[in-house]
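Kindly produce the complete structure, drawing on both the sequences and the hints.
These protein sequences, in sequence, are chains A and B. Following our numbering, the numbering of the first sequence begins with 1 at its first residue and continues without gaps. Following our numbering, the numbering of the second sequence begins with 1001 at its first residue and continues without gaps.
Computed spacing ranges between beta-carbons, pair by pair:
id, chain 1, residue 1, chain 2, residue 2, range
1, A, V97, B, Y1026, 38 to 46 Å
2, A, S74, B, E1150, 31 to 39 Å
3, A, N153, B, L1159, 26 to 34 Å
4, A, F220, B, R1019, 43 to 51 Å
What the hints contain is simulated information worked out from the structure, not anything from laboratory work. Bear in mind that the values here come from a model prediction, so they are computed numbers and not experimental data. We put the CB at the ideal spot given by N, CA and C, even for glycine.
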Amino acid sequence: MNVREYISSGIVESYVLGLTSSEEQSEFERMCKQYPEILQARIDFEQAMERQARHNAIEPPPSWKYDVMNAVTSQEAKVVPITGIDRIARPTRLKWVAAACALLLAGSLIWNISQYNRNRKLQNSYFDLTKDYDSVALHLTEIEDEIAMISLNPNVKMASMKGMEVSPASFATVYWDTTSRDVYLVVNNLPKPASDKQYQLWALLNGQPIDVGMIDNDVFIGQKRLLLRMKNVSGAQAFAITLEKKGGSEKPTMDSMYVMGNL
Amino acid sequence: MNAKITYGEDELVSLLRQRADSSFGYLYDNYSGPLLGIVSSIVADQETARDVLQEVFVNIWRKIESYDSSKGRLFTWMMNIARNAAIDKIRSRGYRDSLKNFAIPETGETGAATLPQLSDTGLKKVLTTLKEEHRVLIDMSYFQGYTHEEIAKILDIPLGTVKTRIRSALTHLRTMIK
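Rendered as structure tokens:
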């Protein structure tokens, strides 16, 4: 491993700025433990970033501090410590009253603490919920945008591609914008390909297949994308999907054609 | 009793973890400026920036237990909390809706990439020295929080190209801020 090269590859900056994937991140952390030069490069860049940030600091108006302090301390419990009760001989009745008061106080303290914990739990789950809500809402907006893109556009033609012999249950849909030539694909149902294979979309024009791009295997795992943007195509009468080796083929392999449909 | 004390990062971390009185005031006094600078490079208006800054400090206070000094400096950790909070904000539905009040031109495929026009402060200023194809990538990934995959899709360029261009833009950036 060439340490110099690794350091100057941009990985240090990516890591510090939080732009690495989680694999790159754990690899970089391993490297830092192993090579002191890499660790030093990280620290140097971190310090440069701090200088840069301090140089470009924007001092908040003084009134903000109060609000921020309030927001932070409202997270914290306010438990007042009890100082020792004087042990002076008192009339018995007063003693009973004092004992009852102490008991009440202790009870209220316990109640306070449990309320505080409850509040904190609620606050945490509230935070989590808002986060979830935001990400769901974002996802929804994306979907809305995508649907608007195809369904509100009168120039978009649709091709429903039905399953062929190899896989009769398969089904996919192509939306083709006849003016902008954009091609969008919806994978309604296709079996998950082996990791060395990939689906390829073809347009058919006068019997000739035209490559319209590969379907990323990521589509079959994790959060599904509704619309896949494929390559533009200037003319088509039909569309078809074949299963090819990873990276695609020049010509479609006819006997592994999964779906096909006319415009 | 207002003697100027300065703490090293390690010291400050352990005071914060002990929830020591005044440790928070010290944190705020020493870091609110640079953190607001970072937040403002992502969030344009002052009122939103104030909300985000507040969230940043609440997060620092809540998460200080999970800070791991072997993985990076305290400042870096806080800087990333600030950036993430700002990006969460501009990606939240409420913020996007509020932007709709301004006329945003409906530009085809790169529309999403150029949504908010941001103030040119700090790192953003350094950005202007990059060439266009690099600038766009750093802007989208660092300032708008798009993943490499999303960028590749939006700009319609291969994922590998996105990665190498970002890396080379970043090494250029390093020479600029040293």
